[in-house]
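Q: This is what each chain is made of:
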Amino acid sequence: MKVLTLILRPQRLEYAGFAEGVEPIKSGVIPSRDRYTDTDALREALSCVTTEFQRAAGGLPEAVALRVPFGGAEFAGPVIADADTLRKLETLTQSAPLHIPVSVQLARCCGEAAGGAPVVLVFETAFFTALPERERSYGLDAELMDSMGLRRYGFHGIFHEQACRDMARRAREAGGRSPQRLLSIVLEPKPEVAAVFGNRPLTVTSGATPLEGIPSETSCGELDPGIVLALSREKGWGPEQINSVLTRESGLLGLVGRRITFDELFSSDAADLAEARAVIRYRLLLACGAGIAAMSGLDGIVFSGCYADAGRQLGPWLTARIRLKGDSPTPAPWECFRTPLNRLVADAAINAVLERGHEKARFPVQPRVSSLR
Amino acid sequence: MNVLAFNCGSSSLKYRLIEMPAEHELAGGEAQRVGPRTAEPSRIRHQALGRAESLVVEMLDHAAAFERVMRLLTRDSALTPDVIGHRLVHGGDRFRENTLLDARNATNLEKVAPLAPLHNPPAIALIRACRERYPDLPQAIIFDTAFHSTIPEFARTYALPAALCRGMGLRKYGFHGISHQYVCGEAARFLGVPLDRFNAVSCHLGSGGASLCAIIGGKSVDNTMGYSPLQGLLMSTRCGDLDPGVSMQLLARAGGDAGAVDKSLNSRSGVLGLSGLSADIRDVLGGRVSGGAGDARLNRTLQVYLWRIRKYLGAYLAVVGSAHAVLFTDTIGESVPEVRFEVCAGMEAFGLRIDAARNACPGPLPADVAAPDSDVRALVVATNEELAIARNTYGMISGALQAAGPEVGR
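Sequence order for the protein chains is A and B. For the first sequence, our numbering gives the first residue as 4, with consecutive numbering after it. For the second sequence, our numbering gives the first residue as 280, with consecutive numbering after it.
Next comes chain B alone, as it looks inside the complex (with noise of 0.2 Å):
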């Protein structure tokens, strides 16, 4: 079976055709640029049979990206899909699990939107798109907030009016569910821990996003972000964690509008409003050389960056108890040793003990970087949505077809 996977971003649409169950990648790339014009061209990097191309192509929305990326793959039968999975951020309360594409479900989809409004709608538009091109193809919906369904009700409430909580959904939801499931489960795999069994923390530290995640059996039971992808670490541009109280004074400052709020807390806090300098904590590792008056905030963003990651590490490892492993992914988690360094250095009370030279050349991942006699594991891993979203997928539709009986699969 062709799965082919969606992952779409604000401004990007990362997808890959996997055969399932062999998990054998045919086809994959990404649209980079799709929506208004910017300085540089749109473009499409695309893989296929072991040829690479890049081609500049006008995209302004998801569904033109889709029609392009469709007649990339189209053009050799045998990357013809035979089911599509996409990723959505929020699914709200309305989509606890991942669903199956169905009439009902494209109606609710529209009214998760605005959970996420820089990336719900256009993976929305995706959807949409796919169902009017392909109506007869399976669809499946992979939500980031599926995989923790499972955060217990003490750890995903707000003190809040119980009916507030109820009449608006008000509660914790994380995110990046399909890159911690991802990497929880290769993790297990590699430990050869049963994965029901399996408890750790894992750190998907993006260049953009980034969050933690408590996992006690396999099963996500906290995560660093919240309601929204505001809450948690110092993300890019994303403040993380802040006093309610400011975020009032912040509101009362702008005159109750609440729009330049969300744009100030969301595009211009974090790494790039700390440091002045760059949204990217790698170029605020780089960039402390001067000595400067620009190096004390360099300095100053670093240590809060670290610190975030370092308190909640601590504070989901009090909460799992005794973990297997503390998990490294994404941009930052995979390429910077630095930051896994400082964040695990003197963590020997939760028996966590990162071995130096390991971690500065950690080589094929998954790899482990702790020191031989720490009780904890210190592992990088690759994290890939799309393979995690193909086997979510694939999973999903088989489930189906044997439900339906031995007829209908063949």
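Next up, chain A with everything else stripped away, as it sits in the complex (with noise of 0.2 Å):
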């Protein structure tokens, strides 16, 4: 099956073509300044990619799959757009305005741009509406979570969801069982971790917004309540303008004082680097205790996304220190994966086509997956 995958970021629309192959047959970026606000710039776009991968692939797309990052409750797997799931997304745009609305605005372009081809939305909150009520629920007043729809909702969910099937599938090749209680750790620019218990996640690092949790490449990760409250009092600063800091100024950015990826904060020994090495491993050595006393204990850690590499330095690291006792296997097992987004997307969609009856033979997927062990 041919595929078109479309991951719309802040100021760019990444897309990738996958046909026969694992690897994509063409893929590229189409910056944008103006985050796609307005549709022509939108079909604009959408006419460079489809050409693109027409020229690569030979045809127009059987399927597009769109990664949509915020379907709040209401949205547990992939969908194919149609104007009633769009209509039913759209309402969710208060709870993320920034995401919904140039989604569902894509989406309805890319209708068009593929020529009838079905699209396929692929959320990220999908794997995390089936979080314990414990886990999604914050300590606020019960009738105004309700009234602004606050929960925790995770951000990574098609990277745990992949890892886990990723883990399991490996266990099972060297003739073990599947693992039950899996700590997935996804290193992306935002990272996150994941206790997922039976393909069920317990806990989740990220909250009702991204900026909860581990700390990113420019965002603060978790914070005491009292210093956004101090922020305003003692600067002065309005909510705009502590978002700011918060996200854009914060993080690893905040901590060593110059842009630096994950990658860099792992790979390097550079002395100005220490410190914030020391506080990200220290925090995901919280989030990692947390997640086995979720799980009452550990049958492996698996990495995943862009960074997933770094699980070389940080899987004995962790390891070497949860020492675990009982039925958990000391030191744990952990795998890296490094499956790219794109092609986790692109799957996604491709078994929901599938499910839909939109293909007579079952479209055979190709093990895809490499392991960095």
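If you are wondering where the hints come from, they were derived from the structure by calculation, not from laboratory data. Misleading hints may appear alongside valid ones.
Stated by the list, open to error - Label pairs and their computed distance ranges (CB to CB):
1. B/359 x A/238: 44 to 52 Å
2. B/446 x A/31: 38 to 46 Å
3. A/46 x B/532: 47 to 55 Å
Remember, predicted model here, so these are calculated numbers, not experimental data. By construction, the Cβ of each residue, glycine as well, lies at the ideal position given by its N, Cα and C atoms.
Assemble the dimeric complex from its two separately framed chains, guided by the hints.
A: Here's what the structure looks like:
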């Protein structure tokens, strides 16, 4: 099946075309200065993308897979976009005003640009719709939370879900049983840790927004709520200014004082990165301990994301500190899987299309996992 | 040496006069409902020399409460304090260690008042009143934050711009240090482990505030509370951990009124906000009986309360590595076995196995409620913040006297 994947970032549209092979037949980035806020810009970008796709694949895509960062509590898996679905998605705009309108707009434009091919929405939050209430709930006034739709949603569900499947498959291939209790650590510019028990997430570090949890390359991560109030009182900053500092000037940038990636943080032994490395590793250790308590044990740790390679440093570091007893293997086995997001999104879309009967024969999804161990 | 230990709450004043180093309590009590008049009258429950009494007296502020307490104590010449020790919740960056009061410290105390708006101002007013009334009496300030001064930099740092953190003192300070330090010492003694080799996770679960503390070698290495007492566990009316994005949404919703958000997060959240019924988790535990819609809300409150403790317990057990014990203290930690059981059950991966029968009836404290084959002990330890204040105060005064030479101590 020829699939076009689209991943919309704040100032660019990433695309990749997949045909029969594991690797993309074509991929690229179309930058935008205005976050694709108008339909014409989106149409123009899609026109470029589909032209490139046709040139590489010899025809239009048979499905378009669109990664959507937020699907609220409504979307528990990939869905094929239709008028009703998009209307339902639009109702979530208040919870994710930066993501929903542009995703809906893009989905509508895709239908036209791809000659009527099904457009599959693949949600980052779908995996976390199964979070237990005790994990997704904050300690606020219940009516306030309900009225504002405040709950923990998670952020990297697509990576977590596939990484846990890959870990289970790897265990079976080695003649063992599928691990039930996994710590899934996504190493992206915004890292995220989830405790996954039998494919169901029990904890996740990101919250109602991606700000909570492990610090990102530019955002603060976990923060005492009193600090936001102190910034308002002592600096006289409004929510916009606080948001700007917390999302764009904090994280690794704030700790180190210059822009660095997690790849650099864990692969370099530069002295000025030592403290930031200690901060991030410590936060990961705390999240792992919490996850183990949530699952009453641990069968393995799985790293994924664009910096999955860093798991080769983190895996031994974490397992040297997490010395478990009882029925948990010690040291815990760990694996790194670096399947790119566009491939995961393509696979999710293919499965969704197949399940809806758009193809008569089952499309064989080829093994495409590259382990780093 | 008679040490008068003051533990100043936002609307109460606990005190104990303790003969040190024998740790013999001579007198003690609590001034309740200090501050503006409420439906119930202000009262002092006082106990001295084997006699207990309860007096209704007006105490419009902590200085007035102090005057009334001193009047009760000085009725008997045997109850004269030689030194006063005060608890102060937040010492900020200015006071990383406990300190003896002098003119410079007295000025600096005023500067840390806003760091804990509910607790610091009345305690500082009390210190000021003590100093004016007894200028020659040595006074020591024992900070809840001092025990946490050993938290390493990587654990106390927020991932914010470094200059902003330096300029505003934005870092984790930790709280309940006096209680965590006290139960840590008691537990190490109970288990016969030298304090400097004692590793534990201490769970101070009060009916109001609550925090967990990771302890390595008798020293604090992390605390669930942070820059302020808002962070961490679900508390009676405080929200605990919250996505910073949500804090900003609430601030925007309140039109930038930080005071309104502060009130919401400090006074209308936590157990009270989630349950809509009570700020006390014991009421929530007892209220889940009808099977009605209200039960779902109470059940959620209890689940969130327990879940936060359990997650932090796992996080800190991972940090500590090989803990000797998990410690439970203060009102909920000491008297609600269901909470201890739920957070410890299924923690065999960390070497912890609680004994249901022992936990249900721990007997005299300190008590070990872990199963005999548990690698990690589960101890219920009664906290005694006033005794901890007296110990710290006595230690500082003795040290100062020794440093001044033998003549001074005579």
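Q: Please go over all the hints and tell whether each is borne out by the structure.
A: To see whether the hints hold, each was checked on the structure:
For residue 359 of chain B and residue 238 of chain A, the Cβ-Cβ distance of about 49 Å falls inside the hinted range of 44 to 52 Å, so the restraint holds. The supplied range of 38 to 46 Å is met by residue 446 of chain B and residue 31 of chain A, whose beta-carbon atoms lie about 43 Å from each other. A hinted range of 47 to 55 Å for the beta carbons of residue 46 of chain A and residue 532 of chain B is inconsistent with their spacing of about 36 Å.
The structure does not agree with numbered hint 3 stated previously, though it agrees with all others.
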